[in-house]
Each structure stands twice: as structure tokens, then as C-alpha cells.
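**Student:** Listed below are the residues making up each chain.
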Amino acid sequence: MSHAHKKDEILSHDLPATPLDPKTQAIRDAKIQVAMIGFCGCWGCTLSFLDMDEGLLELLEKVNITRSSMTDTKRIPGRMALGFIEGGIANSENIEVLEEYRENCDVLISVGACAVWGGVPAMRNVVPLEECFREAYIDSPTAVPSAKKVIPFHEDLPIITTTVKPLHEVVKIDYFIPGCPPDGGAILKVLDDLVNGRGFDLPSSMNRYD
Amino acid sequence: MNDEIQTILSNYHSDRTRLMDMLWDVQLQQGYISDEAVSSLAKDLKISNDDVRETLTFYHFFHDKPFGKHKVYLCDTTIAKMSGYDEVRDALSNEIGTAFNSVDETSTFGLGDANCIGLSDQEPAMMVDNVVFTKLTPNKVKDIISDLKSGKTAENIANPKNINSKELAYVENMVDANIKTESQVLFKANRDYKSILQTCLDKHIPEEVIEEITLANLRGRGGAGFPTGMKWKFGREAEGAEKYIICNADEGEPGTFKDRVLLSHSPKDVLLGMIAAAYAVGSRHGIIYLRAEYWYLKDFLQQQIQDFRDEGLLGKNILGSKLEFDIRIQMGAGAYVCGDETALIESCEGKRGTPRVKPPYPINQGYLGMPTSVNNVETLAAASYIIEKGGDWYEEMGTDDSTGTRLLSVSGDCENPGIYEIEWGTTLNEVLEMIGAKDAKAVQISGPAGDTLSVKLDGEREFCYSDLSCNGSLMVFNQSRDLLNVVRDFEKFFVEESCGICVPCRAGGVDLLHKMERFIDGRGCQQDIEEITTWSKLLKGTSRCGLGTAAPNPILATLEKFPEIYQEKLVEQKGPLLPSFDMDDALSAHELAYKKLTQEEA
Amino acid sequence: MSIKVTIDGKEVSARDGDNIIDVAAENGVYIPSLCYVKGKPCLGTCRTCSVKVNGNVMAACTIPVAEGMEIEVNEPEVTDMRKALVELLFSEGNHNCPSCEKSGRCELQATGYEVDMMVSRFPYRFTPRVVDHSSKTIFLQRDRCIFCQRCVDMIRDEKTGEKIFSIKGRGTHARIEIDTDLANEMSPQQVREASDLCPVGCIIDSTQGYDDPIGKRKFEVKTIRDRALERTHR
Numbered sequence: 012m013s014h015a016h017k018k019d020e021i022l023s024h025d026l027p028a029t030p031l032d033p034k035t036q037a038i039r040d041a042k043i044q045v046a047m048i049g050f051c052g053c054w055g056c057t058l059s060f061l062d063m064d065e066g067l068l069e070l071l072e073k074v075n076i077t078r079s080s081m082t083d084t085k086r087i088p089g090r091m092a093l094g095f096i097e098g099g100i101a102n103s104e105n106i107e108v109l110e111e112y113r114e115n116c117d118v119l120i121s122v123g124a125c126a127v128w129g130g131v132p133a134m135r136n137v138v139p140l141e142e143c144f145r146e147a148y149i150d151s152p153t154a155v156p157s158a159k160k161v162i163p164f165h166e167d168l169p170i171i172t173t174t175v176k177p178l179h180e181v182v183k184i185d186y187f188i189p190g191c192p193p194d195g196g197a198i199l200k201v202l203d204d205l206v207n208g209r210g211f212d213l214p215s216s217m218n219r220y221d
Numbered sequence: 015m016n017d018e019i020q021t022i023l024s025n026y027h028s029d030r031t032r033l034m035d036m037l038w039d040v041q042l043q044q045g046y047i048s049d050e051a052v053s054s055l056a057k058d059l060k061i062s063n064d065d066v067r068e069t070l071t072f073y074h075f076f077h078d079k080p081f082g083k084h085k086v087y088l089c090d091t092t093i094a095k096m097s098g099y100d101e102v103r104d105a106l107s108n109e110i111g112t113a114f115n116s117v118d119e120t121s122t123f124g125l126g127d128a129n130c131i132g133l134s135d136q137e138p139a140m141m142v143d144n145v146v147f148t149k150l151t152p153n154k155v156k157d158i159i160s161d162l163k164s165g166k167t168a169e170n171i172a173n174p175k176n177i178n179s180k181e182l183a184y185v186e187n188m189v190d191a192n193i194k195t196e197s198q199v200l201f202k203a204n205r206d207y208k209s210i211l212q213t214c215l216d217k218h219i220p221e222e223v224i225e226e227i228t229l230a231n232l233r234g235r236g237g238a239g240f241p242t243g244m245k246w247k248f249g250r251e252a253e254g255a256e257k258y259i260i261c262n263a264d265e266g267e268p269g270t271f272k273d274r275v276l277l278s279h280s281p282k283d284v285l286l287g288m289i290a291a292a293y294a295v296g297s298r299h300g301i302i303y304l305r306a307e308y309w310y311l312k313d314f315l316q317q318q319i320q321d322f323r324d325e326g327l328l329g330k331n332i333l334g335s336k337l338e339f340d341i342r343i344q345m346g347a348g349a350y351v352c353g354d355e356t357a358l359i360e361s362c363e364g365k366r367g368t369p370r371v372k373p374p375y376p377i378n379q380g381y382l383g384m385p386t387s388v389n390n391v392e393t394l395a396a397a398s399y400i401i402e403k404g405g406d407w408y409e410e411m412g413t414d415d416s417t418g419t420r421l422l423s424v425s426g427d428c429e430n431p432g433i434y435e436i437e438w439g440t441t442l443n444e445v446l447e448m449i450g451a452k453d454a455k456a457v458q459i460s461g462p463a464g465d466t467l468s469v470k471l472d473g474e475r476e477f478c479y480s481d482l483s484c485n486g487s488l489m490v491f492n493q494s495r496d497l498l499n500v501v502r503d504f505e506k507f508f509v510e511e512s513c514g515i516c517v518p519c520r521a522g523g524v525d526l527l528h529k530m531e532r533f534i535d536g537r538g539c540q541q542d543i544e545e546i547t548t549w550s551k552l553l554k555g556t557s558r559c560g561l562g563t564a565a566p567n568p569i570l571a572t573l574e575k576f577p578e579i580y581q582e583k584l585v586e587q588k589g590p591l592l593p594s595f596d597m598d599d600a601l602s603a604h605e606l607a608y609k610k611l612t613q614e615e616a
Numbered sequence: 007m008s009i010k011v012t013i014d015g016k017e018v019s020a021r022d023g024d025n026i027i028d029v030a031a032e033n034g035v036y037i038p039s040l041c042y043v044k045g046k047p048c049l050g051t052c053r054t055c056s057v058k059v060n061g062n063v064m065a066a067c068t069i070p071v072a073e074g075m076e077i078e079v080n081e082p083e084v085t086d087m088r089k090a091l092v093e094l095l096f097s098e099g100n101h102n103c104p105s106c107e108k109s110g111r112c113e114l115q116a117t118g119y120e121v122d123m124m125v126s127r128f129p130y131r132f133t134p135r136v137v138d139h140s141s142k143t144i145f146l147q148r149d150r151c152i153f154c155q156r157c158v159d160m161i162r163d164e165k166t167g168e169k170i171f172s173i174k175g176r177g178t179h180a181r182i183e184i185d186t187d188l189a190n191e192m193s194p195q196q197v198r199e200a201s202d203l204c205p206v207g208c209i210i211d212s213t214q215g216y217d218d219p220i221g222k223r224k225f226e227v228k229t230i231r232d233r234a235l236e237r238t239h240r
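Protein chains in written order, with the working numbering: chain A, 12 to 221; chain B, 15 to 616; chain C, 7 to 240.
It is worth saying that the hints were derived from the structure and are not from the lab. Quantities reported herein were computed from a predicted structural model and do not represent experimental measurements. Incorrect hints may have been included.
[As the list claims (entries may be wrong)] Just the calculated beta-carbon pair ranges, DEER-fashion: (1) A:Ala154 - C:Pro134: 23 to 29 Å; (2) B:Asp415 - A:Val118: 54 to 60 Å; (3) C:Asp187 - B:Lys208: 54 to 60 Å; (4) B:Asp535 - A:Asp212: 33 to 39 Å; (5) B:Ile177 - C:Gly175: 36 to 42 Å; (6) B:Gln20 - C:Pro134: 37 to 43 Å; (7) A:Pro163 - C:Gly175: 38 to 44 Å; (8) C:Glu17 - B:Leu471: 41 to 47 Å.
Quick reminder that beta carbons are idealized off the backbone N, C-alpha and C, glycines included.
Isolated chain A (complex conformation) (with noise of 0.2 Å):
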């Protein structure tokens, strides 16, 4: 499923860009590739990896984060040790971007209940999507009464999933941190371990689902 692009569109990621001086980009290079990403979520679980406060400072001696929702990169650069995932499968482009993320990152972590198993917005796969839409766009109380009621549709627009997937029911996914979002000692301390050549370990005391 990959939208065929238009012949004469331009993307952003091709726009020529400034390169870095080669010291910095050299630096960069050397170190661990990241790249994160959220899909249907609430990118709370970004704000908890952002909450490690200094142990960030830290990591990012060891981690360059390439693509993620703090940069402005639209693609992922190259080859990635890690891809940090949060949110769950809930439109087309998510399928999409989340097979680029399985083909280009090494090891890849489901971040989050919505990553983990659909969380918040799974709550809709207990309605069957012609429900949902019906009180999204026909029936909603916020609806403007004079207007044309609209079910979006439409090739420029992704696909809505008829259920919301967990990231590990569509592509393999090598580790899971629960929570709702992840408490940021526990971001920390699973990549701390992953990029320090450690194994995957979240003890019982970490874990959590809310």
C-alpha cells in the first residue's frame, strides 16, 4: 500500500539543505542512529523519553536522533540501530511509515499502551468504523447545522484502519515498554542498556500499564 506520488510534486525531504560542517556531521555519524516516530497516540509518550531530563544529556553523547518529532527530518536518513515507536496502526500512512521504519532500523521498540496493544484509541474497535464516522461527522454534537455533512474520503487523505493494530500485529517488533506514557526512567534505562550493548531488561518495579 504506497501512495503513488504525482510526477511534478516536489517533497519536502528531496529540497536541497544546508549540509553541516563535516566536523559536526563526522561527530553525528559516529554515533548510535535513532530514529522515533508516533503514530495514533498522543505523543506523551515523546514528552516522557523528553523527561529523563539530564540522563538525555547522556544519551545523546552515545544516540544521534535522525527522523523523530523533535527534528525536522521527513525521512529517515539511512541505516538506523534503533526505531523508537509510539502509537498504534490506525490509518494507511501509519502502515506505511511504519515499513519503512521496519526496513531501515535494526531493532525496533514499541513504546507505549498504543504501540503495545491499541490503548486510548483502540476504545473505537469495540464500534464498528461506519459507527464511529457516523458520530464523527453526521451526528456530532459539534457539527455546524447549516453544513454539508462530510465523510472524508479521498486519495490525498490516508486510509482509516478498520481497527486500531497494535505495531507487533503488523510488523515484527523486537521490544515492548509499557505505560501509559512509560515513566522516562524506564525509556532511559531500556536504551541505556540497549546502546551500551546490555540486553533488553525492564524489571518489574518499571513496568507499568498505566
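With chain A fixed as given, assemble chains B and C onto it according to the hints.
**Tutor:** Frame of chain A, contents of chains B and C only:
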């Protein structure tokens, strides 16, 4: 309405343990069991409405909402599907004018599925208002439904000559016995039950009866093979104000029907076996737990019991001795799990058929908390011959660990399906020869809960407890059959029949079924094989009763014996998406919903 | 009478007839369970206390110890089976911890942590289940029910002794029911008892929710393991 229920209640002396019978009577009189009926029963029995509903909603054949004047259940086993089931199913649905699991517009018919109804040698078969019709064809279905629409009852149609339901002819008119072998032990004609019992009572004290059974090395024919003599000995030694003998005639294992034929053609063998058990254990009360699918045997069996009472073989002072024993029939209502002895006991007490936690075992604390010996129909029938001819005589037949004979209910791809009595020790190939199975690829023994045999690999194996320990069900599949579909059907059966009380069986069974569907859809990969194997072991290890522990058997057995049927269907992952991920399904709902809602708005 | 059994290779003494969960706890070995309540009749429904007894997998709550019994708790295969059963429950029901009143007090959640569950290995099912709001005292959030049967067996109407909770249907169609009239007669104490007895957030006291702040909740103050070992967790 209330008067009817009051009468029913007083017929059973407002005894809560007879709730199953009361629910049957209410449904037979009123068509279904209404909220009002539930309240009336609960009030009189001094239990809550939900207590009544717990039992009512557990059983397939009880209905708490109207399910038509005529209740039609078509048997949908894998064997039925090999015998023209699809055409019959379509015909039923068309003639009645409603889909399966629904009631037609006029509320005349409720149409549903049933798991094995014990007629695998004469499928397709259906139950209509507790009467059965076998060897169905679309034309036959058309006639039956048209007759029902014209006002005839199912009973009229099945029994046009109006034969008395207490007579064997009534049963024979409805179903074929298909006994294919000469008698070796069972099915002896013209037995003098009175003199056999008289001799036994005169000659033996109870301990000696147990000794004969032990000497005979008779083992439980339900499948587990527990030594019957030991069970009776434990029963004799167990302490209890009362003791009970229960005959397990809840023959629910798909593919088996030998107990039906024993009960129709040698009912008094079974009754005599029960009397012997009662004498041995020291019991005054017997229960035959008869599955609802065998409703047409009920009056006939009741008459057999009455004959024995009239002849002094049941009741007080049996044949002038101090022995007192009588038997009642307990009807089931559609629940395979009740074949488990503790679930069966719960059901006899008018409750949900949930297997109990063991220990304690029924032989110490069973029916109403009292020592209870639950024995299979065939075990009891065999016991009746052992008390007549002696343990030595019986022990000489068969093999070292499996004495005597075994009845096989044969169905599927063979020339002569029916009942076969084989001596233990007979090989699979010999049986296949006997039944005319020329092109057999696989044989399922002991039903879905049993084992899948490869004719190529297992042909020379022997039927005996230490090798092919068979509970009597034998289904043959020829080279043309798709075994993956068979396994899927078996897993679906376990999901439908799980009582739901324990996690692995209730929840895990569904995942096993989904995995099988994944293989059949061509979405399974090597990892699915590994997962289904581990999950199977989980169910086997942790389930509460035999249903859950047996549920993975069809998968594990076919993985071992026919790995190629899985390998042929496996796919390799191409690209990052998992083979199990169904893109079409994931993206299909949006457009459909868009079109529907846009149309509504326009 | 005192007898000897071994737990994970270590010989311990035990009272004949006590069940394996209790004997193990007394000897500092935690066995998870979601249906067993100490001092109450064993229900044997959740099977998450499965251990190996003389090599065979058995539910520890259902088995009385006997002389010479060899019990394996922290053996890899059966440890993974316990974990799998907990995961099975998470995928069977709809366990949305972030939006659950019972979070932090939930035995299923706390047990998930003890068995190191990060995700369920089974596909998440998202089966729709209907909430029952009919009673004034309790609402029944069926998404979270694990059919442990504690409420069915242990909560009775104080006047009549009748069942307040029951199970309707069987297998995958089974669902927990509440007798609205009897539930409305329940005292606040009994409502609290029922809601505390429920190992998940299915039986919810309609007057209670989110009482304790995050960090101060029941199993955060003391883990389910520590409570089980202290035998004070009820």
C-alpha cells in the same frame, strides 16, 4: 401459565436438584423458558432467578427466548460435511425461510446447529423437537418441512405408524443400529437376567463381585481406562450416608454412537451392570444420564427399567435379597462437557455442567457430596457379562493390559459404517479391512479429543490401552480429504463446547482456532507452527478438565503425523509486513462506511 | 501432621492437607493467583498458579501437599505458562489500564508486573462487552471480567443468602450478571467488599474511584508479591 409450573414443581417435589427436568418440562409445555417461568421456579425453589438462569443458559437446547414452535438442529460435524451436509443445510434454510441460528418470521421454526448427535453412520441427520431424521437429502428435507408447515408434528412424520415409543420398533424405525459384527461378548440375545442376577447374589458377597471385575481387568470404556474393579472397591470403602451409581450415557464425543446402540439393543445388559455395581458398592440409587440427543430412547429405556421393577430386579428386596436399588433417567440438554464425570454430576444436581476441582474425586464425594461411581454404558454392559461368566473368562480375551472387547463406532470414508465389536489387540489395518476402508489416509480415534493416526505409519498398531487407547469413536478420512479443515472443525467444536470456567480452555481455545484459520487462509508462517505448538502445550498443561487438555490434540497429532499439510500452506514473509497482517481487511471498512453514510445523507 | 515436600529443590516442612500456594508462601516462594483467596474454598478457575508437581503441571491452589511431593515453581517452562495465562487474559478482555478506576489496585495488573508481561503474545481481540449500570450501588464493567467466580461464590445477599452475582451462558458467550434488586440492598460495606474482592475493575463501587493518587495506590505501596508472602493481601 403459573399453574403449569406449579404442577411441574410439585411433580419434582420442589427439589432443586431436579432443575434440569423442570426446565425441560417448562420448555416442552411453553415452547421456551420465559422470565416469568424463571421467577416462578426460583421463588418456589428458594433460589435466585440468576441461579435458575445459570443452569438454563448453560445448555444448548434450553431457550430463554422463543425459538419457534419447531426446533430444528442440523448436525454439523466434520463427518456430516463429508456426506452431503451443505446441500441439506441450504435446503433447510430455504424451505424454512430463515438463516441458521434464527427464527423464521412466522415463529414456526427455530433453526440451529448441533454438534455430534450420535448418528455419524447415518449423516446428514437432524433433530426436530427431540425426534431425529437421518440420511437427509434436500428432497427429504423439503417433505419434512412441508409436513411440519401443514400442521403435522415431527413425531407424526418420523413415526407414521404410530408405534409406541416404549417399544424397540419405535427406535429402530427412527435410527439404524448398524451392528456389523457377530457378538463376542456384548449384544447377546435372550439372556435370562433374573437367573444371572439370582446366581450372582446367591454366589457372591459384594467384595467377591468386585474381585471378579478386578480379575477380569475391566477398564473404563469412556476412554480413560480406569480399572472398574478398583473404582468399585474405593466406592465400597468410601464413607457416605448414601452412595450413587451413575451410568454415563452422555455420549458426546463426535463420531461415537455405540452407547446409543447398546441402550437400544442391550438396555438390560446396562441395567444389570448397574445393579451389579450397586450391589458391589452398596448403593440404593442409580441414575442414567442420557444426553438429550437420544430423547427417542427415553420412553423405551424407562420401560426397560419398569420391566426390571416388575420382575423384581429393581426396587426393594431385589429377588428376595436385602438389596435395594432403583434407577432414574436424567436427561441432559446439550453440553459435551457433561461427559466429564464431575460436570455430569453437577448437571444431575440441576446446575451448570462445570467440571469440579479435583480432588476430591466423585468416588469419595460425588453426587450430593456422596460417594458416586460413574461408569460408562459399555463398561456396565461388559460388567453384566463378567458377573455371569466370571472374571477368568473375560480376562482371556484381549491383551495383557486390555482385556475383553471394545465396541467401535465407525464412520467416514468406508463401505460399512456402523458398530463393530473387536477384541482388544486388533490392529488398525485389520479394522480398516473389516470396515472396507480402501483409500484411507487418516483415522481419528476417540473423537476430536483423541488421536489422529496415519494409516501409513500406524497401520500395524494395536487397539489397547497401552497403544491405541480408543474410546470407541473411529472416523476414517480418505486421500481426498483436507485434514486442515477437519482439524479446524474439531477446534471449533472445542470452542463451542468449552464451559468457560478456566482461562486456558475458554480463551486459549479461540486462539488455537484462529491459528488454524490462518493456516487455511494461507497466512501462516513457520513462527505460527512454533506458537501453535507452545500454545497447545499450555492448554494441555493448565486446563481444568479433559476438554481443555484434549482440545489441542488434533493439532499436535496432525503436526506430528501429517506435517506436510501445514508445510504446503506456509508462506515466507516478503518485506516488512507480517504474513498474518491482512491489509485488505485492515483497509476495507473505510470505503464501505463512506459509501453507506454518503448514500444515507444523499 | 507435619510432612516434608521440596519446593524448587529445597526441602520444607508443611501441614498435611494445606494447598501448595499457602505452603509455598509460608516458605517465601510466591505463586501468582487471580482466583484463590486464602481461607475460602478453592475456585481453580484462573490457573495462573500452575506449577509442576512431580513433573506434571497442576494448579497449585487445587492441590493439597503430600509427603515427598516435589514442587517446581520457578522452573522455566511452567513459569512461562503462568505468564502466558496472564497474557491470555489481557488479550481476551479489554483491559485499558490508563482509563480504569481499579488501576494500581488491580490484581491482574499487579500480577502482570510480577510475571514480567510487557505485551500479550496472543492477538488482542477487542470483543464488545456491555456495561451494566442497572444497580445503584455497583456498576459492572464487563470488559474487565476474567470469570474468576470469586463474586459468584463468595458474595451472598445478607438476608436471604441468595447469589447476587452469577454467570450466564457458557464458553466464549459467558458473561457476568448482577441481580439489580439484591445489589441495591447491599450495604456500603458489602459493596466495598465485593469491589475489593474483584481482582480486576469489573465490580466497581459507584461511589469510589481514583481515591488514591498515583504512587500511593495499593500495589504501589506494597506489591502483590509482598502481600501474598505476608499473607495480608486481602
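**Student:** With reference to the structure, classify each hint as holding or not holding.
**Tutor:** Outcome of the hint check:
1. Our hint of 23 to 29 Å for A:Ala154 and C:Pro134 holds, since their Cβ atoms are close to 26 Å apart.
2. One distance hint, 54 to 60 Å for the beta-carbon pair B:Asp415 and A:Val118, holds here, with the actual separation near 55 Å.
3. Between C:Asp187 and B:Lys208 the CB atoms are about 57 Å apart, so this pair conforms to the stated range of 54 to 60 Å.
4. A C-beta distance of roughly 37 Å is found between B:Asp535 and A:Asp212, which places it inside the suggested range of 33 to 39 Å.
5. The beta-carbon spacing between B:Ile177 and C:Gly175, approximately 38 Å, falls within the hinted interval of 36 to 42 Å.
6. Distance hint for B:Gln20 and C:Pro134: a CB-CB separation of about 40 Å, consistent with the stated range 37 to 43 Å.
7. Range check, A:Pro163 to C:Gly175: about 39 Å between beta-carbon atoms, so the 38 to 44 Å window is met.
8. In this structure the supplied range 41 to 47 Å holds for C:Glu17 paired with B:Leu471, their Cβ-Cβ distance being about 45 Å.
In the structure shown, no violation is registered for any of the earlier numbered hints.
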